[in-house]
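Undergrad: In case you want the letters, here they are:
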Amino acid sequence: MKDLKLVSIAGLIALLSTLFLAPILTSFTVHAADKAERNTVATLRDHTEIDSQKEPNPIPKVINNDIKKARNYPMQPPVIPHTIRSYEVNKYNNKCMSCHSRHRTEKSQAPMVSVTHFMNRDGNFLAEISPRRYFCNQCHVTQLDAEPLVENTFIDMHSLMKQKTANTTEH
Amino acid sequence: MKSLLLIGWRTLTKPSGYYSLGALVIGGFIAGIIFWGGFNTALEVTNTEAFCISCHEMENNVYEELKTTIHFTNRSGVRATCPDCHVPHNWTSKIARKMQASKEVWGTIFGTINTREKFLVHRRRLAENEWRRLKANDSLECRNCHNFDYMDFTAQSERAAYQHSTALASGEKTCIDCHKGIAHKLPDMKGVEGW
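Sequence order for the protein chains is A and B. Read in order, the letters of the first sequence correspond to residues 1 to 171 in the numbering used here. Read in order, the letters of the second sequence correspond to residues 1 to 195 in the numbering used here.
Watch out, some of these pointers could steer you wrong.
Footprint (simulated), chain B over chain A, 3 or more residues, beta carbon under 8 Å [what the hints assert, rightly or not]: (1) 84-91; (2) 120-131.
Computed cross-link-like contacts, BS3-like style, restricted to lysine-lysine with a CA-CA straight-line distance of at most 30 Å [as the list claims (entries may be wrong)]: (3) 95/A x 135/B; (4) 135/B x 91/A; (5) 95/A x 185/B; (6) 118/B x 190/B; (7) 54/A x 190/B; (8) 67/B x 95/A; (9) 91/A x 173/B.
No wet-lab data here; the hints were simulated from the structure. Think of the CB as a built atom: it goes at the ideal place given N, C-alpha and C, for glycine as much as any other residue.
So here's chain A without its partners, still in its complex pose:
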């Protein structure tokens, strides 16, 4: 009698667990199949099988032509048009500011950092750049001479508005 009860409990547990696990397991297998079929996510591994070693891509070069790039929106931090190899920005010194600070621009002929960089978070102007703007590379980056892995669908405000006006004049 006691044995029978045990068996039935075990059976019930087995049944329940299959009921619960089946959808989870199938979802796993479906996903795996999905991946094999349509793996469209671009990666540096470039669809190489997970168990093989990819021939590494050549390392792209940093663009160093000193030509300013257009900004995609007014508040975009401008990108750096030159190499910054070995330029130190740490608690001891800031190499960027040895050309871009207010009193260095005459010698360097580099653009001065924006006035916003002198503001603290209450909007008051300080004599030197504000500590929250000290680490230049948090916002400003160099560009590589490389093909983007994923196409960028960003459309800037001007193009959007141009499209709009073109559409309205058509009507």
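Place chain B on chain A using the hints.
TA: Showing chain B alone in chain A's frame:
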């Protein structure tokens, strides 16, 4: 006293009983070569990177940092070693530099700079010594490899060409004025001109 000196003088001037004058001259000549050569070799040995980094102050700090810079690996495969930048190739200043270097040996023995922290404390002073030296000799060591006369401005980046054709060409500035920290990390630059 006087007689003692006289005996000494007589032995020196008395012709040698065993060796001919010629043999003595040749022997002296050979000994001179050996002595001079040995001196030179000793200088050669102390003029290698292996010697410099035999001291951990040098290996753990400046050498480790040098490894990440363009003067360690680059597309041309030309390596700048410590003596290329730090010991003048000119013979007389080489000696002068070695005499100054004896102070460094003192430093290791008495452990002035035996940790990274201590090194960082001293870094500004050491760097300033180097800047002063390079400023005084118009960046001689840099120019041993980088010759201004053969710089092709059209092949340089715009920023480089602009500075090199103005401040450098006019002699107003020398390499080290603009290229501090080219081989190692910089100390705190507060108050240094141009920072």
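Undergrad: Now tell me if each hint is right for this structure.
TA: Status of each hint after checking the structure:
no.: 1; hint: 84-91; result: holds (count 3)
no.: 2; hint: 120-131; result: violated (count 0)
no.: 3; hint: 95/A x 135/B; result: 20 Å, holds
no.: 4; hint: 135/B x 91/A; result: 26 Å, holds
no.: 5; hint: 95/A x 185/B; result: 11 Å, holds
no.: 6; hint: 118/B x 190/B; result: 19 Å, holds
no.: 7; hint: 54/A x 190/B; result: 47 Å, violated
no.: 8; hint: 67/B x 95/A; result: 20 Å, holds
no.: 9; hint: 91/A x 173/B; result: 27 Å, holds
When held up to the earlier numbered hints, the structure conflicts with 2, 7 and fits the remainder.
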